[in-house]
Each structure stands twice: as C-alpha cells, then as structure tokens.
Amino acid sequence: MSLTNKSLAELSQLFRAGEVSSREITEAFITEIEAKDGDLNAFVTTTFDLAREQADSSDSRRDQGALLSPIDGMPITLKDIVCTTEVRTTASSNILRDFVSPYDATIWTKLKEAGAVLLGKVNTDEFTMGASTETSAFGVTRNPHDTERVAGGSSGGSASSVGANMCAASIGTDTGGSIRQPAHFCGCTGLKVSYGRVSRWGTIPMASSLDTVGPLAKTPEDCAMMLQVLAGHDPKDSTTPEKPVPDYLKTLNDPLKGMKIGVPKEYFIDGLDPEVAAVTNSAKEILRSLGAEVIDVSLPHSKYAVSVYYIVGPSEISANMARFDGLRFGTSEGEKDLQSIYEESREAGLGDEVKRRILIGTYALSAGYYDAYYRKAQKVRTLICDDFTKAFEHVDVLLAPVSPTPAFKVGGHGGDPLKMYLEDILTIPANLAGLPGLAVPMGTSKDGLPIGVQLISPGYTEERLLQVGHQMFNAVR
Amino acid sequence: MLTRDELLHIAKLAKLRIPEEKIDKFASDMNQILDFFKDLQEVDTDNVPETSQVTGLENVARPDVIELSKIEKELVECTPHTVEQNMVKIPKIM
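So the protein lines, in turn, are chains S and D. Each residue of the first sequence is one higher than the one before, counting from 154 in this note's numbering. Each residue of the second sequence is one higher than the one before, counting from -4 in this note's numbering.
By construction, these hints were calculated from the structure, which means they are not laboratory data. Think of the CB as a built atom: it goes at the ideal place given N, C-alpha and C, for glycine as much as any other residue. Check before you lean on any hint, since a few could be wrong.
To be verified - Listed below are the simulated DSS-like cross-link pairs for lysine-lysine, each with C-alpha atoms no more than 25 angstroms apart in a straight line:
| no. | chain 1 | residue 1 | chain 2 | residue 2 |
| --- | --- | --- | --- | --- |
| 1 | S | Lys489 | D | Lys84 |
| 2 | S | Lys572 | D | Lys20 |
| 3 | S | Lys456 | S | Lys418 |
| 4 | S | Lys389 | D | Lys65 |
| 5 | D | Lys20 | S | Lys389 |
| 6 | S | Lys489 | D | Lys87 |
| 7 | S | Lys189 | S | Lys159 |
| 8 | D | Lys68 | D | Lys87 |
Stated by the list, open to error - Pulled a few chain S residues facing chain D out of the computed Cβ check, cut under 10 angstroms:
| no. | residue |
| --- | --- |
| 9 | Ser361 |
| 10 | Ile464 |
| 11 | Lys508 |
| 12 | Tyr526 |
| 13 | Gly564 |
| 14 | His566 |
Work the whole structure out from these sequences, hints included.
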C-alpha cells in the first residue's frame, strides 16, 4: 500500500483505525524526500530525527486512546519563515542563514499541541518576496510535474513538498498570492485565509496589512482539517479578532443548491492562457451540475490591484525590513561605526529583490511622493474593497482563474521584475480586501501541467469556500 | 524619472549600499515599475477614504498587566555582537 499519495484525511483515518502507525507514515515520507528532493530542492532544513520522535509519541498516544486532534501523527512541512526553537528559521535569506528563534510561532505551538509531525522547513522566495522561489538564497525549488519549471512562489517549497508526496500537508503564507499560485502550479489545494483568521505571531512578516498564514494540502477537506487547528484569536497578534471558529468539516457536504457563484469578467484578462480559461469554464459547468447558479459579475477596479499592491506592499516592507540592522540578530558585517554595520550587513545579507522592494517603499513614503503614491494607492484600495462588497450583495462565492498561465520555466521571466509582479494579477485583489481564497486543482494542460481554479468569498466565510471547493474537487477527482 | 543621484539618496535613507555595477540596473527597473504605477492616476479618488487595514478592529488593548517572557537572555543572545550585563555592545554612536 502506498501511503504518500493518500490525502491527509485518508492517512488520518488509516492511522486512527490502527492500520498503520505514524512512524510508518513518517518513514514513507522520509523515503520520498530522500529520493526526490535532490532534484526538487523543496527543503531548506530537514528534521527527520524530530519527526521520528514526534511520530513515536503519536503512536503511544494512539495506543493509550489519547490522540490530540485529527492531525495527530500526520507529517507536515513548514515554510521557512515560521519560527521554530528546534531548528533554524532562515526566511531563505543569507541574513538569517544561521538564525535559531528563541520562541515558537503561535501556529507551530498549536500544531505541536495537535500532535503534528515536522519533516522539515521548506523553501520560499527570500522573505517571501517573489512568485517563483527564484529569489531564495538556497536556490530555486522545482516543480514536481516538470523539473524544468518553477514550483511557483513564494510558498514554492510548500507546494512542491505537497505536490511531490513528500508530506501530508504544509504551512505557507499568502500576501499577494503566495499560497494560491504555487498550489495551482503544483497541483495541490491552497487556502489563503481571511486577514486575521490565523495568528501571525512568530511568522516573519513581509507586508503587515496583507500577510496571511494558511495550509496547502492535497484536497480542500485536508485544508479544512488543518485550518481547524490553525484558526482563532491569539492575544499575541492584535489583528486576530475574537470571532468564533466554525467546524470546517461539518458543512463540507452541505448541498450547493441555490448557491450563487459569480464569475468576474475582469479576471479573464488579455494573455490568459486558453487552457487555464477552459479549466475555469469547466468548473462553471461542474458547479451548475451541482445545483449552483453561475452568473457574471464585474469587479471594475481589478486592473489597478497590481499597482496598489506594489506600492502598499513595498511601503510596509521598507518598514518591516528595517529590523535587519546587523546588530540584534542575523548576519553582521562592518565594524567601525553603525552606518557601516547597517549598510554592510544588509549588503551581505539581502538579495536584489528585497532591496528593490525596500527602495520602492522608501521612495513611495518619502516627502513629496507620499500623496502621489502611497495615499493614492490606499484610496484605490478602498475602491477594490468596495467592488467585492457590491459583488457579494448578489453572489455567495466568486470563481476565477488563479494565475494567467500554468507553471513557467525556471528563468522564464528573465530577471524582469515587472513581469514577475504581474504573476499575482488575479490573486492580489483578495489580499487587498482581506478576503479568503482557495486554489483547487481542477485540470491538466496538454503538457501535463496542473491547472487550478480560484474561489473567493466574503471575509470569515472559509467554511463556504471549503464546502464549494470540496464538492467541485470531488467531481473531477 | 528617477535619476541615479535620487536612487543613491533613497538607498542611503534605507541604509542600503548599492554596488556601482548594479546602480544602472536598479535605476532602470525602478523607473519601469514607477512608470507602471501611473495607471492609478486615471482613477477618480476624490472623496474616497483611505484603507490602511481591513480587520474592522479599532484600538485593540489588553489589560495593563506585566507578563514575563522568560526568554530575555535568549533574545539578547541572538546578537552576533558582544553581550555585557544582558545588553548588546555596539560601536560608539556619538
């Protein structure tokens, strides 16, 4: 029996039924990692000794009838910006190459308390700034479906580790599409949660008004199981409201009859790959056959989302990255005075994309340009939010492509930053408005590359997204 | 149009040192990106309020009670510099 191609839900069931131990599941994933990761480079640091120890603990708990949660004993990976006391947290940057956090991220504490087994920390674009993991200081992560191609980004290590059956689930982050786009590229399901639904304490920030933490896994049901563990208020993260956490599994099979699905016409942009459009259109038909009503809607300000994002994001980045001063933690260079320590440490530790975004942000916030860039972007952000509010007066969920194309080739964007920024054109609007989004694998290109579709719903309605995603996915499974 | 001198000024504000051979590439990339942002100027934003956050929360406060993190020593020891009396020793500022 092959274990590694099974979903988290299936593995959990086999484990609870006593048909397989957590140690056996863990060893099966370790074997896959040892066989594949030389080619894929999804892992920055593996934690096999820890994994074996945690798996054995899960097995003892099962024997005593004291399992902690449905994901107890299940092997996962963490994007390497989630702080862990056990091993280094690098953000895939030279400036944190040897950094070991003195505390655990809240979500890592929650996962440990739920009995999860950690296989390793996985690759990302440096400080999550990119759409291909090509900006990682640890090299590019490759796509399990075609190693000439990228796994996407920034959560490329997460998506590659799930897509290549090297773990049962992974934790990623999504600031402008960094969970959904790599999930689409690697044929897995990726959930970007509502802003504030999952604590970010101990997760290294990029753009604080946009960052979210969420799961990638094989199926929407698996993402529901993970979200159940992750979601909720954290006193250490004041952006997490004290809203109740619903039972995300209970409503997965509620009928879709009467549900209204909106398809925003602005998301069918010039340059949208015809195969991506075809898979999105086939998802419309599947939803109709499941009893939902599919109607066209308009989100007229969508086309401005990339500009808004690449002003607001870098502005917040320029502030967040100021903490890397070569004094308190991380790489330090230069000796004679503070100015030289700042500049030389940042020169030695930070890559070009990180610097570019710090520069854009510093420029956009500087005297004389603040109104033209930052304030203007904040206003257009309001109009983008209003578009969604109006659309959700008529529909329950939006259906759209995730990204304009399937996975592109490593080096395919030729160092052109703007071309890379446009990768996020269909995922950014949900981040600007703080809405949840789900990428679900729904088809394959003629070249054998996975194609996903995206669902978006009003804030704090993840259960609705997962319900629609689960049933749509099961129709093509 | 961002000039080479303006780029170097911005870099200085951001405590970045751009190597000589990369200055032109950074300037041209920045100009391409700033040019892209021009599309926002066509949007009418008169009387539109700004959105700086989307939580719907305001002034989140907690009881003013001191809690010890119990990792003061570990936090200070993250520094690559010398630690003396639980403080990080850095070069003279003045």
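Going through the hints against the structure:
no.	hint	result
1	S:Lys489 with D:Lys84	holds, 13 angstroms
2	S:Lys572 with D:Lys20	holds, 15 angstroms
3	S:Lys456 with S:Lys418	holds, 11 angstroms
4	S:Lys389 with D:Lys65	holds, 15 angstroms
5	D:Lys20 with S:Lys389	violated, 41 angstroms
6	S:Lys489 with D:Lys87	holds, 9 angstroms
7	S:Lys189 with S:Lys159	holds, 17 angstroms
8	D:Lys68 with D:Lys87	holds, 23 angstroms
9	Ser361	holds, 9 angstroms
10	Ile464	holds, 6 angstroms
11	Lys508	holds, 6 angstroms
12	Tyr526	holds, 7 angstroms
13	Gly564	violated, 17 angstroms
14	His566	violated, 13 angstroms
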